[in-house]
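S.K.: Listed in order, the protein sequences are those of chains V and W.
Quick note on UniProt numbering: the first sequence kicks off at 1 and runs consecutively.
Quick note on UniProt numbering: the second sequence kicks off at 1 and runs consecutively.
Hints in this document: simulated from the structure, not taken from any laboratory.
Be aware that one or more of the hints could be misleading.
Copies of the same chain are indistinguishable here, so a pair counts whether it falls within one copy or spans any two.
Straight-line C-alpha distance at most 27 Å; calculated DSS-like pairs for lysine-lysine [as the list claims (entries may be wrong)]:
#1 K503 x K323
#2 K253 x K427
#3 K379 x K483
#4 K301 x K139
#5 K253 x K451
#6 K323 x K388
#7 K253 x K388
#8 K139 x K388
#9 K393 x K246
#10 K174 x K51
#11 K253 x K317
#12 K144 x K301
2 protein chains.
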Amino acid sequence: MPHARAVRLSRWTLASALTLAMAASAAASAAEPDLAAIRDQVTRQHDVSIKRLQDWIALPSIAAENLNSRQGAEYMARLAREAGFQKVEILDTDGKPGVFATLDAGAAKTVGLYFMYDVKQYDPAEWTSPPLEARLVDKPGLGKVMVGRGAVNQKGPESALLAALHAIRDAHEKVPVNLVLVAEGEEEIGSPHIAQLVHRPEVAAALRDTVGVFMPAASQDAEGAVQVSLGAKGVVELELVASGEKWGRGPAKDVHSSLKAMVDSPAWRLVKALNTLVSEDGNTVTIDGYPKAPAISAGDKAMVAVAAARRNEERVKAQLGVKHWIDDLAWQQANERLVSQPTVNIEGLVGGYTGPGGKTVLPHRAVAKIDMRLVPGMKKDDAVAALKSHLAKRGYGDIEVNVSGGYDPTQTAADAPLVQAQMATLKRLGLDPFFWPRNAGSYPGFVFTDKPLSLASGHFGLGHGGGAHAPDEFLVIEPSNPKVQGYDGAVMSFVEYLYELGK
Amino acid sequence: MPHARAVRLSRWTLASALTLAMAASAAASAAEPDLAAIRDQVTRQHDVSIKRLQDWIALPSIAAENLNSRQGAEYMARLAREAGFQKVEILDTDGKPGVFATLDAGAAKTVGLYFMYDVKQYDPAEWTSPPLEARLVDKPGLGKVMVGRGAVNQKGPESALLAALHAIRDAHEKVPVNLVLVAEGEEEIGSPHIAQLVHRPEVAAALRDTVGVFMPAASQDAEGAVQVSLGAKGVVELELVASGEKWGRGPAKDVHSSLKAMVDSPAWRLVKALNTLVSEDGNTVTIDGYPKAPAISAGDKAMVAVAAARRNEERVKAQLGVKHWIDDLAWQQANERLVSQPTVNIEGLVGGYTGPGGKTVLPHRAVAKIDMRLVPGMKKDDAVAALKSHLAKRGYGDIEVNVSGGYDPTQTAADAPLVQAQMATLKRLGLDPFFWPRNAGSYPGFVFTDKPLSLASGHFGLGHGGGAHAPDEFLVIEPSNPKVQGYDGAVMSFVEYLYELGK
């Protein structure tokens, strides 16, 4: 098939590919999909698809700020309906609403889709391009990119999957699998109500028959390489709050700092408590009774060895602005640490006066925003219980542990059909994918991979982006590197994957 | 004299006092001032004086925010001119401008005045009354108060001194001393350029002949008691900044928090460094080689014993929202600690994500805003040097120590004429003042008390206020407690003090 040789499916190469495809199509059996016709639709619909993504980005839903969640769910429902889902419902939870949708294609197989319609917070002052305008700009070394909040995390890839459904339909082809879509609006606060959505009887029943659940993603790195991840670490997000009120010492409101000589300080108390949570270098968790992480397995080590060799350490360092890995580890060992070690990270510190210059106050309250990443074998609830018990044992029982969200780690076997179809698709598209034991970032795959559903779960999609959770988040639309797929290539990668899954 | 029996000089009692005063005045020698006539002017000018203060509060100068410093200096200069200072100059410094003014009354003695025209930052959202409107509101238990930024710290008392000069002039009396005024606009950032102002040849020359320098203050507590303070602790304000850039480890920008497993954290580094600065309870400075504080002297202890007995511990605790002093000390011992112990206080913590909820970033930078209070015998520069050396020795040499301001402690002898005149005035006004070794709060008196000027320096003024540096800062205008002076009483206290100094 012509597309097997195409390492780049951009709109410019599609025209010539089309010529070949038309010839190929004529020779194809009736049962074979007319991929050339679908690809033609992808090209024709490019501007409409980009506009659809831009319109979506213009409506940010941010659970942490109680911003546009209802509107975001309604918009998600509309996008699903327009893409061909016949049954679309908004499901309320104790938090933000979710969306449940099914597309019955009359196919033999059914595939689950996990979407998020929420995005991370942003401060427009930090962006070089307005975060809601989703402008197309030239990014040196990458090509034409869309800059906007949600461009890569996760509206860009999700919209590309929806564009694939539009293209299949408009090419008068049959969607090769039935689809079950679950979308949530709280991913960025740790999915506190994802189980309420997924375990609803009608949702669970629909998912039970799927070959697994995947989330659309832009999985290529800047050089076009793709890893197939077999899971993700778990995460807990929480605030540690030291306050005069709860402590019974120090002031109940901010007082003049000169009083420090006779009044205790909740801010110092927070520092002293934080100090007990990690080793001197900040890198090893020292919480008493914390769940133990198993040693990295030989299988994981082997996967990391392959992956490390395939990735450009210097490029990653430059992207992150990092000169040395923890303990000056070599690249491969740093990656082993990444996939195998639990962490306690300070996301933010907030206490007393936080504006410009100084202000002579003794704060009555100080907060550390913390995230803890968990590896397989660790449970979110155990980690939180250990933290609370540790603080109590050290005499810091008054420090509040306010968990805002999180979930257990998730893992899927390499031989799961959902995963094998990814490998097959990627190889057919001319890529040389490699396995990755688990993402260090987290997503609530546990709700699919754990009991009672016990499904495979993962991410899939070509394309490249960056800046998730940061200013100037972007998705490459028209890449300068031919090994990287642009937006239309990402759309076609979903077409290919769905057909592979339908086999 | 009639006013000797008046324990309250409010506008309501002034009318009757006036009748007595007119009789007394007729009997007075030509050299005696007509205090009754001055008091009458104070009463008549009440509304104008209040308006003058309100207008001043409407123009906040905040050095930390680069807000209105030039305008504030010009306004200060205008206020001085209108109050009768013949020579008024705005003096530039390397920071914000100061004001230097002299009032030559042809008197035998000259008195120095230290003013600040700047105010502390404020967040209107935290106030129950707009901070720049200086509204008059009823405050339960206190009476009618003015709520506004600068109401007590320090525009209220300073405006009352200016009102005293207006009243003396409009009563056709002679100001009893010559005045030398130095006003700065950087007090709230630690007066980084006060020496540039005070040590200018013309300013130093004018100050050299004064009996000392005082700052107008609302010195009464809520029950009307007055202490005469003999000094103030020194202070250093600084930021400790941990950053990936300076450290050479960790990221150069905020990155995704999942990377904590392979990337070092500047936020943890800050916590670990902070942890070394104070004892486990946060109350004892543990900086290596930090200047030693001398043991509290017998004289200071005796002063504290008297003062503690005069002050209502429960009332102070309620005001501060404090249930226990450090180490559960008794009231007297807590006050001994207040006057004698150096401190390291966290004013603020700022790092990474500080908004609502969480955000999964690994911050590239974290900041602790610190103030350190110094007791006599300690020098600001020694304290900073010890801190830097401590951090370097512990391996934290990359953590920036950015000093924004501060000054040495200041001390004046109890037998200084400036102080003795305070005691005499307060006693004559029917009060029972007591000495206080030094304020735990700081002001740049060192620039007057240290070489080369070696002058006496202090604070003076009746009246009561609160909330300095906090929301709802206030000054009592018409007190419900007859032992507390309102605004007019404060004005008259300055009239009395100036005449006492002129003797």
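S.K.: If a hint holds in the structure, say so; if it doesn't, say that too.
M.R.: Results of checking the hints against the structure:
no. : hint        : in the structure
1   : K503 x K323 : neither (46 Å within a copy, 71 Å between copies)
2   : K253 x K427 : neither (62 Å within a copy, 35 Å between copies)
3   : K379 x K483 : neither (39 Å within a copy, 64 Å between copies)
4   : K301 x K139 : neither (35 Å within a copy, 69 Å between copies)
5   : K253 x K451 : neither (47 Å within a copy, 39 Å between copies)
6   : K323 x K388 : between (35 Å within a copy, 25 Å between copies)
7   : K253 x K388 : within (25 Å within a copy, 31 Å between copies)
8   : K139 x K388 : neither (46 Å within a copy, 42 Å between copies)
9   : K393 x K246 : within (17 Å within a copy, 36 Å between copies)
10  : K174 x K51  : within (25 Å within a copy, 80 Å between copies)
11  : K253 x K317 : between (44 Å within a copy, 12 Å between copies)
12  : K144 x K301 : neither (36 Å within a copy, 74 Å between copies)
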